[in-house]
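Following the hints, position chain B against chain A.
Protein chains in written order, with this note's numbering: chain A, 317 to 520; chain B, 317 to 520.
Hint data in this document are derived by calculation from the structure and do not stem from the laboratory. Be aware that a few hints might be false.
Said to hold, decoys possible - Subject to a maximum C-alpha distance of 30 Å in a straight line, what follows is the list of computed BS3-like cross-link-like pairs (lysine-lysine):
#1 B:Lys-474 with A:Lys-375
#2 A:Lys-384 with B:Lys-375
#3 A:Lys-375 with B:Lys-375
#4 B:Lys-474 with A:Lys-384
#5 A:Lys-474 with B:Lys-375
Number of protein chains: 2
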Amino acid sequence: MTQTLSFYYDYSSPYGYLASERIEAIAARHGRTVRWCPILLGAVFRITGSVPLTEQPMKGDYALHDFKRSAREHGLDYSHPETFPIATVAAARVSVWAREHDDPAIVDQTGTLVHALFRALYVDNRAINDAAVVSDVASRVGLERAAIDAALADGAVKDQLRQDIDAAVALGVFGSPTIDVDGELFWGSDRLDQIDRWLERGGW
Amino acid sequence: MTQTLSFYYDYSSPYGYLASERIEAIAARHGRTVRWCPILLGAVFRITGSVPLTEQPMKGDYALHDFKRSAREHGLDYSHPETFPIATVAAARVSVWAREHDDPAIVDQTGTLVHALFRALYVDNRAINDAAVVSDVASRVGLERAAIDAALADGAVKDQLRQDIDAAVALGVFGSPTIDVDGELFWGSDRLDQIDRWLERGGW
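This is chain A alone, in the form it adopts within the complex (with noise of 0.2 Å):
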């Protein structure tokens, strides 16, 4: 079986974004796939007693700036959101949907739509806290509209993502991105490379 890297985030996550879009080549390179692990930060920020990145006084400023620059470094679109940060629930169910589908040709799907929600956030400014959006999104990769409007009303699917974020915030995670290599917790897409390495030097 194909050795997994689990990847946390959120889609309210700049961050989690950017790093999105580069860690499947990294899994690649050392013949793993990526597992899509999204959670919800207003739970663990309740924990931690975090509040969001961009509304930190001078923090809050730096982001803005920085995830246009980290963005431009690696040729990826970004612009900010109009409304943010904003309530990612909807996406983050019917990621999770995919990801424990029966069929493995909608879980085959995930990473697509993964990106496909990110993107519509921070690409074409959509709002995707809105359930109609999210569910256009996923129409647009091939999933069945019909399919995610009943995956979003479904309770087993609600109960999977608050499991999904307990044994988050049990193993550790408090941020997005966190990824995990084999127990090992890396936060923040600026580790992304320093991922790279451990994986190449089978850790140190």
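For chain B alone, kept in the frame of chain A given last:
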């Protein structure tokens, strides 16, 4: 005149220590020298509302693990100080005094002094919050103890540090380390490779 990279840091910042051990090599690769700019994060945190990293739930545990892991990657010694965080005003003042001295021989010792103070705290677990310890560390790198003790009591040195901190805040410095590359601020020891690439490419 040689161009500098301004390196803003608090001695009570482990990531400041880790970056201090690597920044000169990066600067030198691009024909630059480092301007050492100690600040006091306590003053900055009153503006940003931040709390010391190791005191934050979850993030603190991650940080304690990551300090050592990041040190190991670069072959640096790291031992987390028994008392932490500590007051670093004496260490900051003596560093500013050396950097601003009329005697170029003392100015030239600034980097050596900075490294000695950082290593006293993070390698030898010495309580550099104590002015007597700061004085001892400075004397071991060849600075005169009487001159250090006078500097620590000198109102002009206090004022210089206070002005430096105000100027740093005005520039947008909110954390340690922050490196100013020709007006572009980069925050975090995990941005050193990005700074290296920025200098190599002349920005992007």
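Consistency of the hints with the structure:
{"no.": "1", "hint": "B:Lys-474 with A:Lys-375", "verdict": "holds, 27 Å"}
{"no.": "2", "hint": "A:Lys-384 with B:Lys-375", "verdict": "holds, 25 Å"}
{"no.": "3", "hint": "A:Lys-375 with B:Lys-375", "verdict": "holds, 17 Å"}
{"no.": "4", "hint": "B:Lys-474 with A:Lys-384", "verdict": "violated, 38 Å"}
{"no.": "5", "hint": "A:Lys-474 with B:Lys-375", "verdict": "holds, 27 Å"}
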